[in-house]
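**Q** Letter by letter, the chains look like this.
There are 2 protein chains.
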Amino acid sequence: MTVLKNDRYIRAALRQPVDCTPVWMMRQAGRYLPEYRALRAEAGNFMALATNPELACEVTLQPLRRFDLDAAILFSDILTIPDAMGLGLHFVAGEGPAFHNPVRTAQDVNNLFVPDPHDKLKYVVDAVSTIRKALNGDVPLIGFSGSPWTLATYMVEGGATKNFSLIKSMLYAEPHLLHSLLDTLAESVIVYLNAQIEAGAQAVMIFDTWGGVLTPRDYKEFSLRYMEKIVAGVKREHEGEKIPVTLFTKNGGAWLDIMADTGCDALGVDWTTDLKDARAKVSNRVALQGNMDPSVLYSSPDRIRSEVKTILDSYGLGAGHIFNLGHGIHQTVDPEHAKAFVDAVHELSRPLHIPAG
Amino acid sequence: MTVLKNDRYIRAALRQPVDCTPVWMMRQAGRYLPEYRALRAEAGNFMALATNPELACEVTLQPLRRFDLDAAILFSDILTIPDAMGLGLHFVAGEGPAFHNPVRTAQDVNNLFVPDPHDKLKYVVDAVSTIRKALNGDVPLIGFSGSPWTLATYMVEGGATKNFSLIKSMLYAEPHLLHSLLDTLAESVIVYLNAQIEAGAQAVMIFDTWGGVLTPRDYKEFSLRYMEKIVAGVKREHEGEKIPVTLFTKNGGAWLDIMADTGCDALGVDWTTDLKDARAKVSNRVALQGNMDPSVLYSSPDRIRSEVKTILDSYGLGAGHIFNLGHGIHQTVDPEHAKAFVDAVHELSRPLHIPAG
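In order, the protein sequences belong to chains A and B. Using numbering that gives the first Met the number 0, you'd call the opening residue of the first sequence number 0 and step up by one each time. Using numbering that gives the first Met the number 0, you'd call the opening residue of the second sequence number 0 and step up by one each time.
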């Protein structure tokens, strides 16, 4: 494999010194880019892009041609694992993802299996190796998965949900059944992420989009516990290079300390927590990724710069910060504003990284 | 006015000793009750119920006939104020509330006025006095309003929203315009709540449903600051009785300490924060209301009891706890489960309130 030309993201995730703060954007390959919309229209739909390694590669690289980003992230969906389990993923216009075969009963849970990543998920593994080759060492490639709890919410509800009625009914009435489902999912995520790492992913991230809807006790028992298993089960080194692992629980700002206890390398932080407070909570055990409200990108480049400065100053001096949005970039953002954001992070962060001595 | 026969709610909100922990449920008058659904079907729609004082009274009393609740809450909507400002409130099936005339420009904001509660909001004031009379002192009547920030989100977006793009664009690009809107709203809420108090509301609550989507800085500047104005502006005593004021910011668990600084009497807490931690944060400056996940009501009465016990123990000994759900009761809950919940609170909390001495 080629040497990494820009390793700011990896270094920051491992809390090593950098020349300036690395930056990438969740959903940076997406609908706010006209070239993405064109390719998607041509392909027909989202999964036609995601399941074709060449198209997934092209879409992954699109934002890197426009912006000075410090990482690429695999273009895929968090629901590939349940789809490979036979749940029948599809997308309903205006409502988001849905499954033909939701998981509701003990029989449903017992029928589940750990998908072989080189069988039904081969398109993901192939996309990773295609992208890694195309990147040619310019920036690292981040692989990812949904967290077991987050995957389970979609699998039990049968799609997106507002009240989480079915999954919480299972949680309160049949906790053992839910644990059995989460166990299968944790094992599946480990195998899946390790296949991504072997195919060339240089870092991995676990998206726990819905951990924040739980009580603190239930978060520990039904979400964090399984992310901890994943942290323990994924390859932390491959071909002599460390593979940083990032956990991100949306609305999980109150739990950063116990998340850091999992042994992961970095934590994603949304904008409802100040990075200064987040950093104090984790006391330099992990790096922090975040945390600009994606809606700031609707405002002027000047206003974007001032918000970037505020967030950089909130994190403060030294390594261990990966700049990002606190959630995916919105589809109606002007790409020029995304460029102003990325450039501002690099320019304004240099004074925070002057080497000691 | 008649003497209050059950004053547990008022006493707990003022952190005075009680015999057992008072309990009520957000949205206790609502679609989970068949008698509510029948009346609503007859009336035609939600606003036909809310704008008719006799029907609003009947609906308010329905849950009190079934359950041993310690408070009634005015049956109304949080969007009555913008509707009275001429925005044209209506409800779109499956999408929730919407306005015909959203507020987007400086001209739109300047055209707004503080609605006279005895004119376009007379139906609310009349409902309060009708309900108060019908309650005959059995339990106190809680009046309420949306917070200025929460009302502004609906007014600017034109209805419910997921990304808050338009209101946040205004916040970041035209903060002065948003402050002007919030000023008018804060004044409107003060006048509105004082009219409810004069008509018979014995406590008031401010629902800040969407404060939790802001950064900590913006929460202080655009939501909390205006709730503080309201706390300072509402009557805290009427006809010799104290009127407790409760603030509730959904997903605001991290900000309970600064919320307590407003001088309010009580804070609503959702289930993502343990009451033990919440109590430590506010160090007995205010009472706490909450915080069972409404989804627990899907589980068995036994499981509901055990969750009630856990939450009672988390708050611990002594006064200052009003039991509630951390959000409105879901419409598909079995009313018998709501009964099990209310009864469990009273029964299991008695040992926590043994008088000293």
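Calculated directly from the structure, the hints in this document are not laboratory data. Incorrect hints may have been included.
The list treats identical chains as interchangeable, and a pair is accepted whether it falls inside one copy or across any two copies.
What the hints assert, rightly or not - 25 Å max Cα-Cα, derived DSS-like pairs, lysine-lysine:
hint, residue 1, residue 2
1, Lys249, Lys161
2, Lys119, Lys241
3, Lys308, Lys249
4, Lys132, Lys234
5, Lys219, Lys308
6, Lys241, Lys219
7, Lys275, Lys4
8, Lys234, Lys161
9, Lys241, Lys161
10, Lys308, Lys275
**Q** Evaluate each hint against the coordinates.
**A** Each hint, compared with the structure:
1. Lys249 x Lys161: both (15 Å within a copy, 14 Å between copies)
2. Lys119 x Lys241: For Lys119 and Lys241, neither the intra-copy (28 Å) nor the inter-copy (66 Å) Cα distance is at most 25 Å.
3. Lys308 x Lys249: within (23 Å within a copy, 28 Å between copies)
4. Lys132 x Lys234: within (20 Å within a copy, 69 Å between copies)
5. Lys219 x Lys308: between (34 Å within a copy, 19 Å between copies)
6. Lys241 x Lys219: neither (27 Å within a copy, 41 Å between copies)
7. Lys275 x Lys4: For Lys275 and Lys4, the Cα distance exceeds 25 Å both inside one copy (30 Å) and across copies (50 Å).
8. Lys234 x Lys161: Answer is neither; intra-copy 35 Å and inter-copy 36 Å both fail.
9. Lys241 x Lys161: neither (38 Å within a copy, 38 Å between copies)
10. Lys308 x Lys275: within (13 Å within a copy, 36 Å between copies)
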